[in-house]
Amino acid sequence: MTDEKRMEELKDKLLSSYLAFENGKDINSDVHDIRSKALQNFEKLGFPTKKLEAWKYTSLNSILKEDYSIFPKAETAVELADVKKYFIHDIDTYKVVFIDGKYSSFLSNTTHDNMDICLLSSALTKPKYKAIIENFFNKTAKQDNLTSLNTAFANEGAYIFIPQNVEVEKPIQIINFTTGAENATMIQPRNLIVAERNSHVQIIERHQSLTDNAILTNAVTEIFVDTHASVDYYKIQNDNTNASLVDNTFIEQQKESTCSVHTFSFGGNITRNNLNFFQKGEHINSILKGVTIIEGRQHVDHHTLVHHIEPNCESHQDYKGIFGDRSTGVFNGKVIVEKEAQKTNAYQQNNNVLISDKATINAKPQLEIFADDVKCSHGCTIGQLDQQALFYMQQRGIPKKEANALLMYAFANTVLESVKIPEVKQRITNLIAEKLGVNIGFEL
Amino acid sequence: MLKIQNLHAAIEEKSILKGLNLEVKAGEVHAIMGPNGAGKSTMASVIAGKEEYEVTSGSIELDGEDISELAPEERAQAGVFLSFQYPVEIPGVTVTNFIKTAINESRKAQGLEEMPAKEMLQKIREKSELLEIDRKFLSRSLNEGFSGGEKKRNEIFQMAMLEPKLAILDETDSGLDIDALRIVANGVNKLKSEDNAVIVITHYQRLLDYIVPDYVHVLHDGKIVKTGDASLALELEAKGYDWIKNELV
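The listed protein sequences correspond, in order, to chains A and B.
Anchor point for the first sequence: position 205 equals 205 in full-length UniProt numbering, and the numbering is continuous, going up by one each time.
Anchor point for the second sequence: position 2 equals 2 in full-length UniProt numbering, and the numbering is continuous, going up by one each time.
Honestly, the hints are just simulated from the structure, not real lab data.
A virtual CB, placed ideally from N, CA and C, is assigned to each residue, including glycine.
Among these hints, one or two may not hold up.
Said to hold, decoys possible - Using 20 Å as the maximum straight-line C-alpha spacing, the simulated SDA-like pairs for lysine to any residue come out as follows:
#  : chain 1 : residue 1 : chain 2 : residue 2
1  : A       : K130      : B       : I183
2  : A       : K425      : B       : T94
3  : A       : K401      : B       : A71
4  : A       : K400      : B       : V88
5  : A       : K401      : B       : R107
6  : A       : K400      : B       : K50
7  : A       : K401      : B       : F137
8  : A       : K126      : A       : P163
9  : A       : K400      : B       : F137
10 : B       : K100      : B       : E65
11 : B       : K108      : A       : N439
12 : A       : K170      : A       : R206
13 : A       : K425      : B       : V88
14 : A       : K420      : B       : A109
15 : A       : K425      : B       : F137
16 : A       : K400      : B       : Q110
17 : A       : K400      : B       : E114
18 : A       : K425      : B       : K50
19 : A       : K400      : B       : L162
20 : B       : K108      : A       : A433
21 : B       : K108      : A       : G437
22 : B       : K100      : A       : N430
23 : B       : K50       : A       : Q387
Unchecked claim - To give a feel for the contact side, a few chain B residues facing chain A, derived at Cβ under 7 Å:
#  : residue
24 : A76
25 : Q77
26 : A78
27 : V93
28 : E105
29 : L121
This is chain A alone, in the form it adopts within the complex:
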C-alpha cells in the first residue's frame, strides 16, 4: 500500500470516529458547533503534504502510515518512580498530567484557589466556565489542517485561568505521557491558557513517550495574554525516537504584555513546532527562543510567525541548532509588520552548526513589512564548529569531546541565559551534557 493510501485510511478512520467521539456530548453547545466545523475543515483539507509551501521540508508520510489508535483505553497505571525524572521535581509546582490523553489525578496537583489550574474537559462542560470558553476557546487557533483536526477532537488538556493581578508563585507543569498500551497511539491534547490583566504565570510543557511503540501527538495550545500580563512558556522536547509531535501554539497578546516561549528540541522522531504570535495592542514584547540538538535521523522543524499589528511593539527570535548524523532541521521564521505597526522592532536570529556532512538544515527567514518606520533585522548562519577554538581548548587540557561540548554549549547559551527558572535552566544544561555525551559541569 502506498503512503498516500495509508494516509487516506487514517483520515477516513478519524472522520468515522468523530460520531463515536461526539456521542453522549452535548450537541446543542457552541463547542459542538466548533468541533463539527473543524471536522469539515479537516475533511476538506486532509493531512498536509510536501506540496504545501509550509510543509515543503517536512514530510509526515512516514508517520501517518501507522494504524493509530485514536481513543486510548482507560488510564494505564504509571508508577511515579518511573516518571519522576521527567518532571522538574526539585521545586514545588502545579501539575496537570495526562496519561494516553486521560487525566491522571494521581500524578497531578491542580488548584481552584484564586485561579483555575485544571482540565479542559471540565471547562468545556461546566456552566461556571462557559463565558471564558465562549470568549477564548478556538478563537486564536488557525483553521489549518492539523489544528482543525485537533479542534474536532478537542476534549482534554490543561485549562489555566489566571485572574487579574494574580502572580502565580509556582510554575505549572503540563505533561503528556504515552504508554504504548496500543501498537500505535495518536493523542490530541488541547490546552487553553488565559492570563488576565497584570497577571503572571510560568509554564513548563513536556510530551513524553514511555514506550517504543509509535506515538503521534497533535497538540494545540492557545494562550491569551491580557494587558500588562506576562507568560513564560518552556517546551522541553526530548522524546524517544518513535514519538512524533506536531505542536501548534497560538498566542494572542494585548497591550503592554510580555510573552516568551523557549523550545528545547533534543529528541523525538519528527517534531514540527508551529509557533504563532499575534500582537493586538501597543508596547507588546514577544520572545521566541529555541535550541535544537539532534542526531540520527531526527527531524525538527520550527515554523514561527510573529504578526505585528499595532505600533510600538517588539519581537525577539533567537534559534540555535546543532545537527549531527543524518538529522534534518528547518527554520522558517515569518514576521509580518502591518502598515499600522510603525516603530516595530523585530529581531530574528537563526544560527546553525552542522557537525556531520550528512546533516541538513533548511533555513528561511520571511519578512513581510508594510510599515515604513520600523527596525527589522534578521541573521542566519550555517557553519561548522570553530577548529581553531577546538585546538585552543585542547591545548589547555580539555579533551576534544569535552571541548566540542563546551563549544556547543557556549553556542546555545544565548538562549539558555534568558531561562528564568533556575531549575529548568539546570535541567536543560544537564540534557545538553547528556545529549553531547559528556560529564562536564557547565556553569557558564
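Model the placement of chain B on the given structure of chain A, informed by the hints.
Okay, now just chain B, sitting in the frame of chain A:
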C-alpha cells in the same frame, strides 16, 4: 626536559620544519628568533600537537617520553603550555569557567578529584593579582572583545593557573605596550622555577630585556642555524638576520 631531534614537519605537503634539533633542560629559558616564515610558530604548533601539521620524521620527547603521537590535550596534561600568538575568542564561556574546566579536565585525566572550589577561588585570586587582572575581567567571555594586551595577559594568567612544565610563549610581546609587557614578563619570571622551562618565540630583543634567556637560537628555513647566549639577541637586533644567512652560504 624537552628534546627535539631531527624534526621534520609539513602542512598540506609543504615542508616547514626541516631537521630541527633543540634541547631544553629544566630551569632554562630559551629564545627562538628568526625572520618571518622561518617556522617559529610552526615549531610551537607542532610541539603542542596541532593536527593540521604532519610530523614526517624525527621525535619530540618530554621527560624522555615521545609525545609526537599524542593528542593536543594529552600533551597539555603532560605539562606543555602554548601561549597563542592569536588567542581564540570563545563567546559564551567566561574566563573563570574556562580555566576551571581546563584544570578539572586535566585533573580528571590524571585520575584526580576536581579541585575544591575554595582552593580554585584562592588560586584564581592569587594569580590574577600577579598579572594585575581586574576581577570583572574574569567574568567576561573568553577573549571576546579583549584588547591585544588583555588577550596576552589572559594567556599568561592561564599559564599561571595551569603551572606547566614547559611553556612556549609564541610572540607574546606582539601587540603589547610597554606597561603590559612589563606585567606579562614579570608574571613569567615569577612563575619560573628550577623545575620548569620556558621557550620564548619573538621577533624582537625587547621582551628579552625582561625575560632573560639562557640561550638564543636562530631559526632559519626550518632549522636552528645558530645558537648563542643573550648577547646574540642584541647582535641580531643591531645587525638583522642577513649576516647569519650569509654565514650559511
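Hint check:
1. Distance restraint check for A:K130 and B:I183: the Cα-Cα separation of roughly 74 Å exceeds the 20 Å cut-off, and the hinted pair is therefore not satisfied.
2. With a C-alpha separation of about 17 Å, the suggested pairing of A:K425 with B:T94 holds against the 20 Å cut-off.
3. Of the supplied pair hints, the one linking A:K401 and B:A71 holds, its CA atoms being roughly 12 Å apart against a limit of 20 Å.
4. Taken as a hint, the A:K400 and B:V88 pair is honoured in the structure, with Cα atoms around 16 Å apart against an allowance of 20 Å.
5. Taking the CA atoms of A:K401 and B:R107, the gap is near 16 Å; set against the 20 Å cutoff, the hint holds.
6. Between A:K400 and B:K50, the direct Cα distance comes to roughly 12 Å. Compliance with the 20 Å bound is thereby established for this hinted pair.
7. Between A:K401 and B:F137, the direct Cα distance comes to roughly 27 Å. Violation of the 20 Å bound is thereby established for this hinted pair.
8. The hinted pair formed by A:K126 and A:P163 meets the criterion: a straight-line CA distance of about 18 Å does not exceed 20 Å.
9. Annotation: proposed proximity of A:K400 to B:F137 is violated, straight-line Cα distance about 26 Å (limit 20 Å).
10. As the CA atoms of B:K100 and B:E65 are separated by approximately 27 Å, the hinted pair breaks the 20 Å bound.
11. A hinted pair counts as satisfied when its Cα atoms are at most 20 Å apart, and B:K108 with A:N439 qualifies at roughly 11 Å.
12. Proximity of A:K170 to A:R206 is assessed by CA-CA distance (about 17 Å); at most 20 Å being required, the pair is judged to hold.
13. For the proposed pair A:K425 and B:V88, the alpha carbon gap of about 27 Å is over 20 Å, so the pair is violated.
14. Note on A:K420 and B:A109: the hinted pairing is violated, with a Cα-Cα distance of about 35 Å set against a maximum of 20 Å.
15. Between A:K425 and B:F137 the alpha-carbon distance is near 25 Å, which puts this suggested pair outside the 20 Å criterion.
16. Simply put, A:K400 and B:Q110 have alpha-carbon atoms about 16 Å apart, close enough for the 20 Å limit, and the pair holds.
17. Between A:K400 and B:E114 the alpha-carbon distance is near 19 Å, which keeps this suggested pair within the 20 Å criterion.
18. In summary, the hint linking A:K425 to B:K50 is not supported, as the alpha carbons are separated by about 35 Å, beyond the 20 Å threshold.
19. For the hint linking A:K400 to B:L162, the alpha-carbon distance of about 18 Å falls within 20 Å, and the restraint holds.
20. Using a Cα cut-off of 20 Å, the hinted pair B:K108 and A:A433 holds, with the two alpha carbons roughly 17 Å apart.
21. With a C-alpha separation of about 16 Å, the suggested pair B:K108 and A:G437 falls inside the 20 Å cut-off, and the hint holds.
22. Distance restraint check for B:K100 and A:N430: the Cα-Cα separation of roughly 18 Å lies within the 20 Å cut-off, and the hinted pair is therefore satisfied.
23. With a CA separation close to 10 Å, the supplied pair B:K50 and A:Q387 stays within the 20 Å bound.
24. Taking 7 Å as the C-beta cut-off, the interface hint given for B:A76 holds, the closest approach to chain A being about 4 Å.
25. At a threshold of 7 Å, the smallest CB-CB gap from B:Q77 to chain A is about 5 Å, leaving the interface hint in force.
26. Because the smallest distance between the Cβ of B:A78 and any Cβ of chain A comes to about 9 Å, over 7 Å, the interface hint for this residue is violated.
27. Checking B:V93 against chain A by beta carbon gives a least distance of about 5 Å; that is within 7 Å, so the hint holds.
28. Here the hint on B:E105 is kept, as its CB sits about 5 Å from the closest CB of chain A, short of 7 Å.
29. The closest approach between the C-beta of B:L121 and any C-beta of chain A is roughly 14 Å, which is over the 7 Å cut-off, so the hint fails.
This entry does not satisfy hints 1, 7, 9, 10, 13, 14, 15, 18, 26 and 29, going by the numbered hints stated previously.
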